[in-house]
Amino acid sequence: MKLTLKIWRQKGPKERGRFETYQVEANPHMSFLEMLDVLNEELIAKKEEPVVFEHDCREGICGTCGMVINGEPHGPLPGTTTCQLHMRHFRDGETIVIEPFRASAFPVMKDLGVDRSAMDRIIQAGGYISVNTGAAQDANAIPIDKDTASQSFDAAACIGCGACIAACPNASAMLFVSAKVSHLALLPQGKVEAKHRAQAMVKQMDLEGFGMCSNITACEAECPKGITVENIARLNREFLSSSLRSEAKL
Amino acid sequence: MSWFSDFLASSIGRKVVMSLTGLFLILFLMVHLAGNLQLLPFLAHDPAGELGRSFNLYSRFMTSNPLIKTVSYLLYASILVHAFQGWVLWSRNRKARGSQGYAIKVNKVAGANAFAATKMGWLGTIIFIFIVIHMYQFWLQMKLGKAPMAVYNGKEAEDLYYVVAEAYKNLGYVIFYVVSMAIIAFHLDHGFQSAFQTLGINHKKYSPLIKWVGRAYAVLVPLGFAIIPIYMYFFM
Amino acid sequence: MSLDSKTPAGPLAEKWTRYRGTMNLVAPNNKRRIDIIVVGSGLAGASAAASLGEMGYNVKCFTFHDSPRRAHSIAAQGGINAAKNYANDGDSVYRLFYDTIKGGDYRSREGNVYRLAEVSRNIIDQAVAQGVPFARDYGGMLDNRSFGGVQVSRTFYARGQTGQQLLLGAYQALSRQIALGTVEMYNRHEMLDLVLVDGKARGIIARNLVTGKLERFAAHAVVLGTGGYGNVFYLSTNAMMCNVTAAWRTVRRGAYMANPCFTQIHPTCIPQSGEYQSKLTLMSESLRNDGRVWVPKTHEDAQAIREGRKTGNDIAEEDRDYFLERRYPAFGNLVPRDVASRAAKVACDEGLGVAPTGLAVFMDFTAAFERYGKSKANSMGIHDASPAKVRELGEAVVSEKYGNLFEMYEKITGENPYKLPMKIYPAVHYTMGGLWVDYNLETNIPGLFATGECNFSDHGANRLGASALMQGLADGYFVLPYTIGQFLSNEIRTPKFSPDSKEFLEAEAATRERLEGLMNIKGSQSVESFHRRLGKIMWEYCGMARNAEGLTKARTMIQALREEFYKDLFVPGSLEEYNPELEKAHRVADFLELGELMVIDALNRQESCGGHFREEYQTPEGEALRDDENFAYVAAWEYTGWDKDPALHKEELTFENVELKTRSYK
Chain A
160 MKLTLKIWRQ
170 KGPKERGRFE
180 TYQVEANPHM
190 SFLEMLDVLN
200 EELIAKKEEP
210 VVFEHDCREG
220 ICGTCGMVIN
230 GEPHGPLPGT
240 TTCQLHMRHF
250 RDGETIVIEP
260 FRASAFPVMK
270 DLGVDRSAMD
280 RIIQAGGYIS
290 VNTGAAQDAN
300 AIPIDKDTAS
310 QSFDAAACIG
320 CGACIAACPN
330 ASAMLFVSAK
340 VSHLALLPQG
350 KVEAKHRAQA
360 MVKQMDLEGF
370 GMCSNITACE
380 AECPKGITVE
390 NIARLNREFL
400 SSSLRSEAKL
Chain B
62 MSWFSDFLAS
72 SIGRKVVMSL
82 TGLFLILFLM
92 VHLAGNLQLL
102 PFLAHDPAGE
112 LGRSFNLYSR
122 FMTSNPLIKT
132 VSYLLYASIL
142 VHAFQGWVLW
152 SRNRKARGSQ
162 GYAIKVNKVA
172 GANAFAATKM
182 GWLGTIIFIF
192 IVIHMYQFWL
202 QMKLGKAPMA
212 VYNGKEAEDL
222 YYVVAEAYKN
232 LGYVIFYVVS
242 MAIIAFHLDH
252 GFQSAFQTLG
262 INHKKYSPLI
272 KWVGRAYAVL
282 VPLGFAIIPI
292 YMYFFM
Chain C
91 MSLDSKTPAG
101 PLAEKWTRYR
111 GTMNLVAPNN
121 KRRIDIIVVG
131 SGLAGASAAA
141 SLGEMGYNVK
151 CFTFHDSPRR
161 AHSIAAQGGI
171 NAAKNYANDG
181 DSVYRLFYDT
191 IKGGDYRSRE
201 GNVYRLAEVS
211 RNIIDQAVAQ
221 GVPFARDYGG
231 MLDNRSFGGV
241 QVSRTFYARG
251 QTGQQLLLGA
261 YQALSRQIAL
271 GTVEMYNRHE
281 MLDLVLVDGK
291 ARGIIARNLV
301 TGKLERFAAH
311 AVVLGTGGYG
321 NVFYLSTNAM
331 MCNVTAAWRT
341 VRRGAYMANP
351 CFTQIHPTCI
361 PQSGEYQSKL
371 TLMSESLRND
381 GRVWVPKTHE
391 DAQAIREGRK
401 TGNDIAEEDR
411 DYFLERRYPA
421 FGNLVPRDVA
431 SRAAKVACDE
441 GLGVAPTGLA
451 VFMDFTAAFE
461 RYGKSKANSM
471 GIHDASPAKV
481 RELGEAVVSE
491 KYGNLFEMYE
501 KITGENPYKL
511 PMKIYPAVHY
521 TMGGLWVDYN
531 LETNIPGLFA
541 TGECNFSDHG
551 ANRLGASALM
561 QGLADGYFVL
571 PYTIGQFLSN
581 EIRTPKFSPD
591 SKEFLEAEAA
601 TRERLEGLMN
611 IKGSQSVESF
621 HRRLGKIMWE
631 YCGMARNAEG
641 LTKARTMIQA
651 LREEFYKDLF
661 VPGSLEEYNP
671 ELEKAHRVAD
681 FLELGELMVI
691 DALNRQESCG
701 GHFREEYQTP
711 EGEALRDDEN
721 FAYVAAWEYT
731 GWDKDPALHK
741 EELTFENVEL
751 KTRSYK
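Chains as they are written, first to last, in my numbering: chain A, 160 to 409; chain B, 62 to 297; chain C, 91 to 756.
The following block holds chain A by itself, in its conformation from the complex:
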């Protein structure tokens, strides 16, 4: 299949970017990234600079890859990361527009690669359970209801790719933050610090310059792992109740 690609090229964070147009010959069994590999090999053969895009596991779990394909983070297929998107979902002769994840908190490093370290800093602010190595009791000491464990897992399935932020018209990180808050708040082990966690993570989220949630739900629609906005409601709940009830100061 013959494709026309319009790809965002940008030399560095401070440089101005623009779209460049390329032609590429692909095969329907290729993954989207393999199609870009083909393009890059051609560019290298012509001694031109290949398109920088981030990727690693190519099986949809590491969260490294991510680009906006025809206006959608990770492309048109629901519940699929860019690396798991295959060319059979595109038409022969189609023009595909490829852009980086955009948000003020995600500065472009080069071409399609962006800096998502803000998400790490939010986790560092409180996205964990404070238990030192060796301090744990027997794993079966606290039974956890199967459904609760499963709900917690649903939230924990977040791969931290940032598609929710890229998709949100407000560039809000609420889905990402709420997934971690939910994952931990649902478990008895995580309840202990739940109040502090919600406060600390939201504070960091605000500091990083992410937008505010206005419940547009684009995040859920574009999340490759099916994280739902129910988690955002839970975060709101956790935050509200800790603001009103907790006496602890951050």
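Think of the hints as simulated: they come from the structure by calculation, not from any bench.
Errors might be hidden in some of the hints.
[Stated by the list, open to error] Below 20 Å or equal to it, Euclidean Cα-Cα: the simulated PhoX-like pairs (lysine-lysine) are:
1) C:K626 to C:K674
2) A:K305 to B:K265
3) A:K205 to C:K612
Fit chains B and C to the known structure of chain A by using the hints.
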């Protein structure tokens, strides 16, 4: 009080303020509609020759009862706070989004009204302008004593009915009013359920009901308001 | 020279407890004065960095990813073993130890493996306390499933994403230490050299991948948790950026590489579909709990399927050869990975493969749909369920267990595995070989430690399923943080090192020269093309089956390829900028050296064991034929110079607690 100001300054705190003021305004709309419907003769059952009597009595009650007066100040404050927070939200979100937009925009959402959800700021701005004109047209006229007086059972009351009826003779104003109601409908459709989500009320069992009630409210209330000028323009 | 493993004396079951109780300690006030560099942030690296930080050391942790959460541990699907015996099926520490030693075909160290089995239990406790949402039963207790090569259920799992959840647990523990300031995190920094001061590992040279600048970092000790080298095969289930560079650079500085030819070929991967393919995707071993592996009995049927005239569903039950069940009745579809992979290769070599390439066998869930469907129907009180209803119910049960794997399969292949049997083929997955370490996880370079997949220690010649996560976390949480004290307790008077000393400056200059060398070749071929060619040589001659002739040939081919690489490579861009092509180039340069060493090791090991199958050494039934007399040793290789034969150092393996037997899963 530092915890409270911290809370109000946080992104979720601001949203909670939006949500609470919004819910209060939603509630007010119902009361407002109940009163306005008395403009319709088939609902008001005014005695012959006293067209507008029940509406005028109702509006006198609303402007003189001290409790309602207090609530009305709360209402004005809510509108201002809601609008101000909305503006903060909009400008911060714009900044967070960054100056470089996407070449292709796809509004894919999961359950929200995509148009309304993404345009709340604009819808809200138009509604705010509407409110200003609306207040100028009716409330201010009354406050400035420009409304004629009517006498019911020996007591005077501003004949607001007259003011309204005069206004609705103007087709341009009727169109402006009806269009504004449509915009309020969209604003409500997203705002109603969004207010609950922001307060953390989202449950697999009950959220569909909230969404359903919200949609019904968003359609019926503005429709109720819109019927009045249309009826008055064409049938009276 | 023979190597000393420093395994403590005493009865097997007491070695670790006694050793731990008598080890040298570093007092809290001294820990504050000691710097440790941890390279890698996967299960081993992140857990080690977090634990060392908690203990009070000053830790600097490095990853080439944009975040520690991206390490490839995240992709592990099936589960993690632990001798908890929650399933009450007779499991114990000894049994896990025995299964692991036997599964590794008696090429691992008894002491290490027993310790691994012992601490496996603590890992589950730790993970649960961190909030890892393992699968649970209706009573709220942890659920277990079974994996290849064992007859008990001891595998803990979190759907098909166990590695992700465990890594996030470790990442969160690490994030907490970063917030507390005990760990300084260096994202997007790749280690390119090890710095030795007076023969001890005292620092690294790293390249800041964003700016492209080289940076020097000094510490009292260096810990590697940099993963395996499976990407030497180009196509593997490893992530695209997995590489051997950090480990290989320490080999170039004198560390020994042990058993590099021990690579694991995983039997259940999605077959390759074309030349453009960049990686292979694993289908979790857990699928073999319910999937039955088969090929058609006749060549005609196989041909018809390859040409698309028939599908798997068209082959009648009696015309199918469930070859694993036939050949290994005791373990059936759950034989260890090396055995299952080889059996699939044999079937395809006979011309019975079912993909257009001829390289695939079926994995069929029909029996599972039926079995689960019936039991579900019974539990719902439907006793006269139609076959269609049974199938529907069965599919739902299977979907609950493996839904995400089935989905992934469909995404990649475009075929619905609920309707058609899955096609699978073996692929390179894990490397048992790695840096030689002693019982303390210390390499032969004092102060240089290796943890997780990048060391060689626990899996022998073949790793059992769900043991990689176990080993990575055991090393990082429960072994290294103690054993590193043996070295550091002698360093409490050593002042902080300056990264500006001549050793550091020299190492930096050498690294710069190496990178500039690659940039300045200015030839015409891309890195990728060299990598692909290397991968083909490795897979062809040093893959699932090896022989002396092929290996000898492969060595010459690799040398020639390496020469071509240094003559005709083209790397676009420049040194001091974000340049992924340059990163790939130096990684492939190291693979070109490691590949040759693997071939040399495979030639040297004139026996078949585990993942290393030498065609010359097999039983009449085609099973691996071990030579315990001559090869019960660890082959640790010392780099001696460019294009010179490496020097072999042997660590004899002594087995005091298990009897060496022919591994039989029949």
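The hints, checked one at a time:
1. A threshold of 20 Å between alpha carbons decides the hint, and for C:K626 with C:K674 the separation of about 17 Å falls inside it, so the pair holds.
2. Straight-line distance between C-alpha atoms of A:K305 and B:K265 comes to about 18 Å, which keeps the hinted pair within the 20 Å bound.
3. Taking the CA atoms of A:K205 and C:K612, the gap is about 13 Å. The hint holds against a cut of 20 Å.
Checked against the numbered hints listed earlier, the structure breaks none of them; every hint is satisfied.
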